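Peer 1: Top line first, the protein sequences correspond to chains A and B. Numbered per this note's numbering, the first sequence spans residues 7 to 119. Numbered per this note's numbering, the second sequence spans residues 451 to 565.
Since the hints were derived computationally from the structure, they do not count as laboratory data. Hints are supplied without guarantee of correctness; some may be wrong.
As the list claims (entries may be wrong) - Here are the simulated SDA-like pairs of lysine to any residue, each with C-alpha atoms no more than 25 Å apart in a straight line:
{"id": "1", "chain 1": "A", "residue 1": "Lys51", "chain 2": "B", "residue 2": "Ser536"}
{"id": "2", "chain 1": "A", "residue 1": "Lys8", "chain 2": "A", "residue 2": "Lys85"}
{"id": "3", "chain 1": "B", "residue 1": "Lys502", "chain 2": "B", "residue 2": "Tyr555"}
{"id": "4", "chain 1": "A", "residue 1": "Lys106", "chain 2": "B", "residue 2": "Met463"}
{"id": "5", "chain 1": "B", "residue 1": "Lys490", "chain 2": "A", "residue 2": "Gly103"}
{"id": "6", "chain 1": "A", "residue 1": "Lys114", "chain 2": "B", "residue 2": "Lys486"}
{"id": "7", "chain 1": "A", "residue 1": "Lys106", "chain 2": "B", "residue 2": "Pro519"}
{"id": "8", "chain 1": "B", "residue 1": "Lys491", "chain 2": "A", "residue 2": "Asp45"}
What the hints assert, rightly or not - A few chain B residues that face chain A, going by a derived Cβ cut-off under 10 Å, partial list only:
{"id": "9", "residue": "Ala481"}
{"id": "10", "residue": "Ser512"}
{"id": "11", "residue": "Pro545"}
{"id": "12", "residue": "Gly557"}
Predicted model only: the values in this text are computed from it and were never measured. For glycine and all other residues, C-beta sits at the position ideal for the given N, C-alpha and C.
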Amino acid sequence: RKEVEQDPGPFNVPEGATVAFNCTYSNSASQSFFWYRQDCRKEPKLLMSVYSSGNEDGRFTAQLNRASQYISLLIRDSKLSDSATYLCVVNLGASGGYQKVTFGTGTKLQVIP
Amino acid sequence: ETGVTQTPRHLVMGMTNKKSLKCEQHLGHNAMYWYKQSAKKPLELMFVYNFKEQTENNSVPSRFSPECPNSSHLFLHLHTLQPEDSALYLCASSPRRRGVEETQYFGPGTRLLVL
Numbered sequence: 007r008k009e010v011e012q013d014p015g016p017f018n019v020p021e022g023a024t025v026a027f028n029c030t031y032s033n034s035a036s037q038s039f040f041w042y043r044q045d046c047r048k049e050p051k052l053l054m055s056v057y058s059s060g061n062e063d064g065r066f067t068a069q070l071n072r073a074s075q076y077i078s079l080l081i082r083d084s085k086l087s088d089s090a091t092y093l094c095v096v097n098l099g100a101s102g103g104y105q106k107v108t109f110g111t112g113t114k115l116q117v118i119p
Numbered sequence: 451e452t453g454v455t456q457t458p459r460h461l462v463m464g465m466t467n468k469k470s471l472k473c474e475q476h477l478g479h480n481a482m483y484w485y486k487q488s489a490k491k492p493l494e495l496m497f498v499y500n501f502k503e504q505t506e507n508n509s510v511p512s513r514f515s516p517e518c519p520n521s522s523h524l525f526l527h528l529h530t531l532q533p534e535d536s537a538l539y540l541c542a543s544s545p546r547r548r549g550v551e552e553t554q555y556f557g558p559g560t561r562l563l564v565l
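So here's chain A without its partners, still in its complex pose (with noise of 0.2 Å):
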């Protein structure tokens, strides 16, 4: 079983539709969790962390899960420019002074006009 497991879509939606996506984690002691965004020949960058309270950042929304070892990211009103790629993120902890990250492969996401 991978580490961080994603649907790799592509999700083709309308703008204005509301689109989620899921990722499932193997390694129950893993202790942070976020999503990055990476747009085309780009790098990924930190879109948002997610808390087991679930954390909410205008359009989006992320939960955690830890009993099903689960993350979901919301985004609702899609816009064109949410068109990329999604990756979901898993930290170890910081064991031996470096971030124990592993990402997953990411899922695309193409908003349509």
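Let chain A serve as the given structure and place chain B on it in line with the hints.
Peer 2: What follows is chain B alone, placed relative to chain A:
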């Protein structure tokens, strides 16, 4: 954003050339990383440095040679590369301090083409 910078941004080299990629972070982080991302493939971790000491080498071929003179600078020396080494090479850094943003921050990458 200028937190993590990489040069050059694009590089074309022959299989017999020697070149170096440079990364610099201005975030006061302690750890730096090299990743490779081939077309339509996930990120592959290559090397990790913590306060300029190498802590991980993920079975990377010896034609890739990292160097970390201090915790702000990281180099990747390239020699006798193969065409399959063509990819986006990403540098990242991360903080040691505890907090909710304990994750990695990436530079813009160097897009490498080996002919």
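Peer 1: All the hints need checking, so say for each whether the structure fits it.
Peer 2: Here's how the hints hold up against the structure:
| no. | hint | result |
| --- | --- | --- |
| 1 | A:Lys51 / B:Ser536 | holds, 22 Å |
| 2 | A:Lys8 / A:Lys85 | violated, 31 Å |
| 3 | B:Lys502 / B:Tyr555 | holds, 17 Å |
| 4 | A:Lys106 / B:Met463 | violated, 32 Å |
| 5 | B:Lys490 / A:Gly103 | violated, 31 Å |
| 6 | A:Lys114 / B:Lys486 | holds, 19 Å |
| 7 | A:Lys106 / B:Pro519 | holds, 22 Å |
| 8 | B:Lys491 / A:Asp45 | holds, 14 Å |
| 9 | Ala481 | holds, 4 Å |
| 10 | Ser512 | violated, 23 Å |
| 11 | Pro545 | holds, 8 Å |
| 12 | Gly557 | holds, 6 Å |
Going down the numbered hints, you'll see the structure goes against 2, 4, 5 and 10, while the others check out.
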